[in-house]
Amino acid sequence: MTTTTTPTSDTARPSSGDGPGLAGKLLRLLGIPLLVTMLLLVLAGEAPNARFVGFLATVFFFTLVVVGVLMLAAGQRAGVLARRELGSYFYSPIAYVALALFLMASGFLFQDDFEPGRPAALRTLLDWMVWLLVFIVPVLCMGLLAQEWSTGTIETLMTAPVRETDVVLGKFLGALGFFAVLIAPTVLYVLLLRLYARPDVGQIVSGYIGILLVGALFIAVGLFCSSLTRSQVVAAVSSIAVLFIITIAPWWASRSASTLGAFWRRLIDQGVYNRYTDFSRGVLDTGNVVFFVAFTAVFLFFTTKVLESRRWK
Amino acid sequence: MISVNQLTKVFGLTKAVDRVSFEVDKGQIIGFLGPNGAGKSTTLRMLTSYLPPTSGTATIAGYDIFHQADEVRQSLGYLPENVPLYMEMKVEEYLDFRGQLRRMERAHRRQRIDYVMERCWLNSVRRRTIGHLSKGFRQRVGLADALLHNPPVLILDEPTVGLDPNQIRETRKLIRELGGQHTVMLSTHILPEVEATCDRVIVIANGRIVAQGSPQDLLRSRRMAARVLVECRGPAREVESVLGRLSGVAQVELLPSSDDKNYVVAALKARDGYDLREEAARTVIQHGWPLRQIMLEHATLEEFFVQVTAQQATAEEAGQAA
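In the order they appear, the protein sequences are chains A and B.
Residue numbering for the first sequence follows the working numbering, starting at 1 and increasing by one per position.
Residue numbering for the second sequence follows the working numbering, starting at 1001 and increasing by one per position.
Here chain A stands alone, though its shape is the one from the complex (with noise of 0.2 Å):
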């Protein structure tokens, strides 16, 4: 039977009108924020910070345009399955014991910076949620794809017409989403801290750049370690050690670093810790963000390969 174009159900077919076409989607995507900022930007003119307000403003608009457009280069499937994926974070207790002791810890940390006579600039509380972040990322994906393995929901989603890319990157999507929610009440922080000082917020939003990529990495690591196993423990335990391995050891290891041999000591500044406090110092190096960037997308690339190697079996 030759058969290329129509399938036989004309109600199987995928609707290609579906709703607004993507001038419309883009302009519900991206009006709302787009008057939200423009709302700030009149404030701003007002208000005596006028530089403070228009800076916080303008990052939040590119925070949002860059989460929409990669929602959408994401195609649809991918951005279903992340909206699924960041709503079922609501309906598990894990998450909610991770953002309670998450925002605890924080909350410990961030009194260190509010001392009199400390720079403004949130170092201690920013970089100290790295340390966090190798233990609590891991528990946020170890349900990613061990859970699917281990209920047998893999078979009727990969049975759905969706690609491993669009599974992979919705996974991804929908934990960097849960982990933006985790992360947004620590901004609270600066608002407070901008009520007793000047704030540094150069510094504080290359922090804040910095941990959204270190936690975009840590994510596709704990996604790989999730895939591999159909043990939600496994998978915690296994991308605790790997962060461990690439956050932790390295900071260890430089602070005797004078001791090592040139290779190790180069080696040594790949640690994800080392290569996180240039943001947390205000220091914007595009190596260091393509470093983040691209080690995020191979573990991404991993987990794809892993789900795909079902076939091969």
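In case anyone wonders, no lab produced these hints; they're calculated from the structure.
Where a beta carbon is used, it is the ideal one built from N, C-alpha and C, also for glycine.
Just so you know, not all the hints are guaranteed correct.
As the list claims (entries may be wrong) - Footprint (simulated), chain A over chain B, 3 or more residues, beta carbon under 8 Å:
1) 1086-1092
2) 1101-1107
3) 1159-1170
Claimed, not checked - From chain A, some residues computed to sit far from chain B (all C-beta separations above 12 Å):
4) Asp200
5) Val205
6) Thr286
7) Ala294
8) Val298
To be verified - For lysine to any residue, the following SDA-like pairs were computed, each having C-alpha atoms within a straight-line distance of at most 20 Å:
9) Lys1135(B) / Thr153(A)
10) Lys1090(B) / Ala100(A)
11) Lys1173(B) / Leu1229(B)
Given the coordinates of chain A, work out where chain B should sit on it, guided by the hints.
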């Protein structure tokens, strides 16, 4: 609608599915019958493009399961064994998610969700969390999901496992109604199920097709494996020899009667699917032995599979010898 050609799947050293070929016409309901571990699920998983075959090909609605996997997935609805679902989601929310994943446009999606909920008796649990539902309801959610995009082909892996008798009857009725509109392929290890629902049966054992035909054919060959139990009051040895001399009888076995020591039960195995009941009854009465009970005892599924497999083995040997 479904065309399978020499489909084979090898896991390591074991051949889970061995050169399976068959055709299913549009609107047919076909039963895939076999004991556990016979390769039913593996075959179905290959047909749904979840697993690629080691060798061989198959097409669903004209699309190749390997090269046109996307089109295949669009034209079939699949209910996997054990019905995996996202337990934290609500019924309606889940169906909506599945519809979005299939890129059904909003109005159409709403309409189909209403339809499948009605069809699968889910209206009462619309807003309930799937994890809190009983096995029967979950099965229906899975079935609703398979029907959601109105696919031409439905593949159902053990659709009635774990349901209570009422739900089994309802599900079978639903499947019967779906035939005609949809081409349905269902797997089961319950013999009466195929007899009740299917137009055609494929029997699979150890990864190979050992028999196919209509449920009537199956019933006939199953009758060949059946025994006639005759319970009468008479001298045991004489009963055995007299009944053994009947023309259609291949083998007689004496069993003790369950409650009365004066009675004896003779189990008669017939030659060539011959129905022995009339003749056995006449003979017993002619000899003046009071007859208390006579019945046809159907072979259990295991005996049936043993028999069918053995038949095939002999047929193959004969083929090789010739």
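So, going through the hints one by one against the coordinates:
Residue count for the stretch 1086-1092 of chain B with a Cβ under 8 Å from a Cβ of chain A: 4. That meets the three needed, and the coverage hint holds. Residues of the stretch 1101-1107 of chain B with a Cβ under 8 Å from some Cβ of chain A number 6, which satisfies the need for three, so the listed coverage holds. Remark: the stretch 1159-1170 of chain B is not confirmed as covered by chain A, as 0 of its residues place a Cβ nearer than 8 Å to a Cβ of that chain, below the required three. With 12 Å as the threshold on Cβ separation, the claim that aspartate 200(A) sits away from chain B holds: the shortest Cβ distance comes to roughly 42 Å.
Residue-level check passed: valine 205(A) sits 35 Å from the nearest beta carbon of chain B, beyond 12 Å. Listed as outside the interface, threonine 286(A) is consistent with that label: its C-beta sits roughly 37 Å from the nearest C-beta of chain B, beyond the 12 Å cut-off. Residue-level check passed: alanine 294(A) sits 30 Å from the nearest beta carbon of chain B, beyond 12 Å. Even its closest Cβ contact with chain B, about 26 Å, leaves valine 298(A) beyond 12 Å, as expected for a residue assigned away from the interface.
Proposed proximity of lysine 1135(B) and threonine 153(A) is supported: the alpha carbons are some 16 Å apart, at most 20 Å. Note on lysine 1090(B) and alanine 100(A): the hinted pairing is violated, with a Cα-Cα distance of about 26 Å set against a maximum of 20 Å. Distance restraint check for lysine 1173(B) and leucine 1229(B): the Cα-Cα separation of roughly 33 Å exceeds the 20 Å cut-off, and the hinted pair is therefore not satisfied.
In summary, the structure is inconsistent with hints 3, 10, 11 from the numbered list given earlier, while agreeing with the others.
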